[in-house]
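S.K.: Please take these sequences and the hints and turn them into a complete structure.
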Amino acid sequence: MAAVLALLPALLGLPARAARAAPAPVVLTVGHADLGPRVVDGGWRVQVRDDTVRPPAWRALDEVVVHAVDATRAQVPAAAQFAFLGAAGSDVWILPQVQRPDAVWLGWNTQDPTVATTIQREVTWRVHQVSGPGRFALFLNGNFGAPQVVFDSGRPLPQDSGVEVNTHVHGNWVFTAPGAYRIDLEMTAAGKAGEPLSGRGTLRVYVGAGDPATAFPPASSPAESVGTGPAAPAAVAVAGDSTAGRAWLWPAVGSGVLLVLLALLAVVLVRRRNRRAER
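All residue numbers for the sequence shown refer to the working numbering, where the first residue is 363 and numbers rise by one.
Everything labelled a hint here was simulated from the structure, so no lab data went into it. Careful: at least some of the hints might be erroneous.
Claimed, not checked - Derived DEER-like restraints, expressed as beta-carbon distance ranges:
hint, residue 1, residue 2, range
1, Ala442, Val415, 39 to 45 Å
2, Pro495, Arg517, 14 to 20 Å
3, Asp522, Pro417, 18 to 24 Å
4, Val415, Asp464, 17 to 23 Å
5, Asp403, Ala442, 47 to 53 Å
6, Val415, Gln510, 29 to 35 Å
Predicted model, so just to flag it, every value in this text is computed and none were measured. All C-beta atoms in this analysis are idealised placements derived from N, C-alpha and C, irrespective of residue type, glycine included.
M.R.: Okay, structure coming up:
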């Protein structure tokens with residue numbers, strides 16, 4: 363009987379289980395957070411350490427959007443060394459190198475114990491691609507106020523930067539227009555035995571007023587990409603359900619299926635009776 367009932371969803375064209383709604387992203391608006399690699403379930407992954415909660419939580423990139431609120435808007439200085447940010451006086455949004463109460467203080471670190479004790483000297487941080495309504499740049503305040511550029515999407519990509527093991531750094535994350543940005547990044551290193559370690563994912567940043575959740579693609583969020591260790595299965599895009607267009611078939615199909623099920627049930631019952639009679 364159980365076997366007969368198990369056939370019902372397949373015969374009726376019903377899904378085996380209902381799809382789950384994706385959880386709402388964690389929006390970081392103020393407070394401290396760090397980007398960095400970790401070893402999770404045997405895989406090297408790039409994650410975000412969220413220090414706005416207690417205890418601090420490491421979160422997958424696909425669960426987080428960093429919000430550069432409108433209070434972070436500033437103007438490009440007139441000094442020539444800041445020309446890579448745009449025309450002097452033009453608006454930019456900055457997640458600053460120095461902590462302030464109305465902005466995310468976003469840094470990066472290689473201090474997680476699973477990293478600091480298991481790799482060789484350095485982590486290579488690579489930005490593969492940046493998508494968004496404007497440019498993205500990351501720079502440090504150098505000596506005498508001169509900027510030390512780490513990444514600049516106005517230059518050819520990919521770009522690399524080295525990060526020493528057991529390091530914690532903060533910089534100025536600059537965006538030249540409001541809206542949703544996706545930064546495709548990767549962190550790689552060599553393990554103690556020389557084995558390659560690599561993790562890749564997308565850091566999402568929403569700039570200015572609006573809904574930070576729009577930094578995620580519509581319908582679903584892609585699985586975090588992992589280069590070493592078990593990777594999450596990729597999401598599968600499904601074409602639109604055409605069941606509604608076949609609504610006229612349901613009365614005929616339903617009656618036919620019911621007859622088939624009744625016939626199968628009758629066969630099962632007869633076989634059970636025959637077996638009992640033979641005992």
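S.K.: Against this structure, judge whether each hint is valid.
M.R.: Hint check results:
Distance hint for Ala442 and Val415: a CB-CB separation of about 42 Å, consistent with the stated range 39 to 45 Å. Look at Pro495 against Arg517: about 18 Å separates their beta carbons, and that is inside 14 to 20 Å. About 33 Å separates the C-beta atoms of Asp522 and Pro417, a value inconsistent with the hinted range of 18 to 24 Å. A C-beta distance of roughly 19 Å is found between Val415 and Asp464, which places it inside the suggested range of 17 to 23 Å.
As the Cβ distance of Asp403 to Ala442 is approximately 49 Å, the hint placing it in 47 to 53 Å holds. At roughly 31 Å, the beta-carbon separation of Val415 and Gln510 lies within the given 29 to 35 Å, and the hint holds.
Going through the hint list in order, the structure does not satisfy hint 3, though it satisfies all others.
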